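Undergrad: Residue numbers (numbering that gives the first Met the number 0), protein chains in the order written: chain A, 0 to 838; chain B, 0 to 260.
Source of the hints: derived by calculation from the structure; they are not laboratory data.
Heads up, some of the hints might be wrong.
[As the list claims (entries may be wrong)] A partial selection of chain A residues facing chain B, derived with a Cβ cut-off under 7 Å: (1) Pro464; (2) Gly475; (3) Pro531; (4) Leu746; (5) Ala749; (6) Ser753.
The structure presented is a predicted model; accordingly, all values stated were derived computationally and were not measured.
Glycine included, every Cβ here is placed at the ideal spot set by N, Cα and C.
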Amino acid sequence: MNAVLRTQLAGVARRPARMLLTGLAVLVAAFVVYATVLAQQITERSVLNGLSGTPEAVGLVVRNGTITTAQLDRIAALPGVAEAAGRAEAGLEVSGGYLGLIADPGSGPLSVVKVEKGTFPDGPGQIAVTPRTVERLGLTLGASVSADAGTGTAARLTVVGIVAPRDDFGSQGYAPTSTVATLTGSDLLNQIDLRLNGGADPGVVSDRVATLVAAGGSPETRPEVVTGADVRLDEARTAASEVDQVFAVVGAFVAVAVIAAGLIATSTFRIVFAQRMRQLALLRAVGAGRSALARALAAEGLLTGLIAGVTGVLGALAAGHALPALLGVFGWTVSAPGFPIAAALGTVALAVLITLVAVGAPAISASRVAPLEALRSAATTGARTGIGGLRWLTGLLLALVAAAVAGLVAVNLPGPDPEDYDPMPLLLAVVGSGGLAFLALIALGPALVRPVLAIAGWPLRRLGPVGRLAVGGVGGSARRAAAVAVVVALGVTMIAGVLVGGASVRTLAERELAASAPADFELAAAEGESLPAGLADRLRTSADLTGVTPYRRVAAVRVAGASELADVAATDVAVGALPRLGELATASGSIGDLRPGSVVLARFVADLAGLSAGDTLVASAGGREVRLRVAAVLTDMAPLHAGLLLDPADLTGLGAPAAPTGILADAARDGERARTAGLQALRQSSAGQPGLGVAVLADERDQINSALTVLLAIALVLIGLTVLIAIVGVGTTTALSVVERVRESGLLRAVGMSRAGLRTMLTTESALYGVIGAALGIVLGVPYAWLALETTGVNAPLTLPVWQLAAVFLVLVALTALAGVLPARRAARVSPVRALGTE
Amino acid sequence: MPWPNVSIKLRPMQMKVVGHTAVAAVDLVKVYGDGDTAVRALDGVTVGFDRGRFTAIMGPSGSGKSTLMHCLAGLDTASSGQVLLGETDLTRQPDRVLTRARRERIGFVFQSFNLLPQLTAAANITLPLDLAGRTPDPELFDRLVTALGLAGRLTHRPSELSGGQQQRVALARALVSRPEVVFADEPTGNLDSRSGAEVLRLLRDSVRDLGQTIVMVTHDPGAAAYADRVVLLADGRLAGEIDRPDIASVTDALQNLAAAR
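This is chain A alone, in the form it adopts within the complex:
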């Protein structure tokens, strides 16, 4: 070990806390990486243990081919077979809704359901349903309904039991195989599950079954016989591969977090080396070579990376093994992760690598210190704030290329509703441009800090000397501020992107839902028929319904504009009657201009018939004709999947019957209960009237909304990793700055700044890192999110979720301020005499 390195390591040993601070970001990154590996293991093991749909008792499975009920009986009689369950499913139309009737033995180890109430059906015409199905379809215990399996003949079914399956979709029933076969009118089965006798040899039984099913059938339709273990493994593998896909996405986010950690580590090394500048200069003055110095500093970095990596991995391991026990307390069972040694070593290696890359540039520039620096007084070695010509050039070049790529993408954006469009190349170009823009930000950062600070710091400067000093402190070390702010900006850019993308997609979904699901419920007459008179008035009296809106719909209207279009649906639903219809957006014109003699067109009608707002068209149906002026063109479909939205008078002119063909209504209150109550009110009113269908449009809306929300939440949590590292970086930087500026703190205290004032100043400085980073991040994130959204070609409107972005900004600033609180407190506690005496 050379003398220089020995000196350095002695310094590290003297101040271990400072080394920990330097490596903190890398430590967190190593923790996150290894925790992700462990999380994947936990998830996969839990999935493999619990989530296979095939019961444990199934020894053999006959599947993928023509299987008949006759074969089922013969297989059940084979020696070695204890029990055979035929699996089949019938799709039924029951009281205006869909019911999937699944064959099940109902009891014993081969059953996939558990009886909760009543009994499992054992006679023809009897079924059991799941609890949600009871609510959704109104199939209470003892109810008798007419069911049509698409064969044209209706059968009467009686609900004799309520059963709980593994997954309750709210539209499934269970019955013995024979009942299902009778309903479908077919003797074909999807699959046969076999339970074997205790002493039977699975191989022998399998051969017997294979011989039996092979007899008679052609080779193409011959089913295969596989062991239950294989089937379960297949199912588990499918589930696990989904887990793998999810973790691949997680991995991408973790990679960004690791890069952020590298940036932070570079910045902290720079600060730590700057603090030792005089010592390094002294080493140079007494004869240490430049390269020896650089090597020693790099070795110190390597050691830091090693310690940080090992600590992070051990921490993650402890957390990963504590998790199952912790979740066990709350009654959740998850498997413990193993001890993946290779991944652990890999993570430590990654940490070392990142740290080595991070330490490179600071070590080289620190080793270039002039020996004379040792003789200079500390007060005059001001930190360099500007950037050199080469850096300007590189940064501007990067920014230029990023802008050019973004411009190229903008020029090649797909039009609305493109055909055979592959968004991948353009999307990759957007990501590439964003990456380049970020590199430009890293290069130009120090030069950008001052202008951003000039704007962001303005209100602070007005607040008094403490604010002015904080702004001055950040501006005085612009390089440092830039290094931290860039990482904060990285996190904020991603958050802003996700929020903007999410808000735009949500707006798009809402518009589409306004057209397809304008109300919670729809009650519709069969095609070509009308609802009984007075039904709407009866529904209006119900306390469980609100916004009851009758409408008429004509299915086939011919539209003649610049070109002709046949079979377009038209409706006269009153747009003002339902609040959700207010979400409808127009591409041109205004829906408010709709009056007798005018029409609102769905976008596809306008496009295909070559019409735009202000044009005139001729609509005809059943030999009648009306001339209409186009009042507006919508961005998507018209309500109820119609193409034309007309005034009632004009629809009458097209021969629509006087009575409504459908009714829209909302549940009187929010929540599942109110929805069920509203649904029951609708069913009661329409009871005994054949051909009436009730649809719960609200369910569709909820599904889309909750899927979007979950997706956004997951994305934000993952981005949180990068934000966490950014905040660690702010905390570390503030802590190290405080150490470095202890003399300055002492002076301020000596000339009369109070403890609280000093605390406020240092906390404000650390918050300012957040302000600069968040401002840069939002400025960068929003346009890129818009560009990315445009390249996907989904026709989503560009939305700016101002409040959400403002909240992100404030939260980030609050978090970075919080990161500075502890160092600030420490600095304020030091007595001015001690601070002034520190060399």
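Dock chain B against the given chain A, drawing on the hints supplied.
TA: Relative to chain A, chain B alone:
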């Protein structure tokens, strides 16, 4: 301790802060550490500093001169005894009161200048006033800037100034708030002899022209010779004083102190 030029007339309990005393220590004791390792840096010092005079505190290394100044200036708290700034007893006051006193009634000049690198010379000068929320008296500001030769340097940052210029900025900072006392801690320690002499002349001028009270800690007899009076410390105790000192009398006194140990 017999010493020809020394006369300590005041006895501790009779000490009264009269109109012409700006700051005084009464039986001041400062102990660092405790038990066997305790060090009595100040061991019962009683001394007063007159208004409108330039006093130097001198003594060998470890004599407690810096500790005395820190306690007098409210930077450090004494173990026992009193520090009287005008009518105010600074001992056993909460940090808030000490902070306020430093901000409004005391000025500092340090050995290593201690200017804030991110502020311009002008902003450094007005820093204590800014912290107090006061605006500088423009007449005094101009007068100081002219007297200290800083007129062309106000927009410069400390890194763009020479050591002498930095110390003159520090001096302006100490004087601009019209403090009751300016404490100078080895103000010429980091300067070459010409710049040092200039700073000392400026200190003396501020006493003469502005009626400023200045207490300066130094180990340089040449610097002490600029003062009106020299107070000598040894082993945490008062070891004599010299009125109207010159280099020779101060050097003699210091040599005698060293010989007596």
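Undergrad: Please go over all the hints and tell whether each is borne out by the structure.
TA: Right, here's what the structure says about each hint:
1. Pro464: Given a least distance of 4 Å, the restraint on A:Pro464 holds.
2. Gly475: Holds. Min distance 3 Å.
3. Pro531: violated (81 Å)
4. Leu746: holds (4 Å)
5. Ala749: Holds, about 5 Å.
6. Ser753: At 5 Å from the nearest chain B Cβ, A:Ser753 passes the 7 Å test, so the hint holds.
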